[in-house]
Amino acid sequence: DAGVIQSPRHEVTEMGQEVTLRCKPISGHDYLFWYRQTMMRGLELLIYFNNNVPIDDSGMPEDRFSAKMPNASFSTLKIQPSEPRDSAVYFCASSVGGGNTEAFFGQGTRLTVV
Amino acid sequence: KNEVEQSPQNLTAQEGEFITINCSYSVGISALHWLQQHPGGGIVSLFMLSSGKKKHGRLIATINIQEKHSSLHITASHPRDSAVYICAATEWDTDKLIFGTGTRLQVFP
Chain U
2 DAGVIQSPRH EVTEMGQEVT LRCKPISGHD YLFWYRQTMM RGLELLIYFN
52 NNVPIDDSGM PEDRFSAKMP NASFSTLKIQ PSEPRDSAVY FCASSVGGGN
102 TEAFFGQGTR LTVV
Chain Y
89 KNEVEQSPQN LTAQEGEFIT INCSYSVGIS ALHWLQQHPG GGIVSLFMLS
139 SGKKKHGRLI ATINIQEKHS SLHITASHPR DSAVYICAAT EWDTDKLIFG
189 TGTRLQVFP
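Chains as they are written, first to last, in our numbering: chain U, 2 to 115; chain Y, 89 to 197.
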């Protein structure tokens, strides 16, 4: 398996534009996590899915953020409209079980909103 | 107060030195993770443990549940060990990971 695959690796966009980040988890993993990493706050959980169902989205900062998992092999994180403070590295991770199993991270998407 | 705290924040060492990074947590946990992040960003899981000790090559992770403390040790450190090491605790009631702020390690030849 190629691991967790995220795209794009880098995204530069103008304030107000819609941004969509994509993630393909490892096949057979039932859990998918979206994290955001900033210098100020470190790594933070945004949302996680179990068997394609959102379980906890309490970390999603505002209504501008939304995430979907239409099937077991694909998830998106959308920001609309984007703002400069959304600039961060966004990681997707997947695992067989929940937080008690090893998490496998994607390479991340570095988002810059200007 | 952060629920997961790491120390030190920054660490420099000479090649060959023994290194210890500490992690303390205040929440009830079901597992403790150690992650490694190299410059350029990728995050790799090093260990997941809920009791005792685990060893992988030159890396050793220990946890003391009673004291709510874990350590990551690197024996015979090497410049390629230079990275940020992140401790993360799985909250037992939410199953979510709470992350420490990381320890930036630089090992010089």
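Read the hints as simulated data drawn from the structure, not as lab findings. Each hint should be verified, as a subset may be incorrect.
Said to hold, decoys possible - Capping the alpha-carbon separation at 25 Å, the derived lysine to any residue pairs in SDA-like fashion look like this:
1. Y:K156 <-> Y:I107
2. U:K25 <-> Y:K156
3. Y:K143 <-> U:K25
4. Y:K141 <-> Y:F106
5. Y:K156 <-> U:G98
6. Y:K184 <-> U:N52
7. U:K79 <-> U:G99
Among the hints numbered above, which are violated by the structure, and what are their numbers in rising order? 2 and 3
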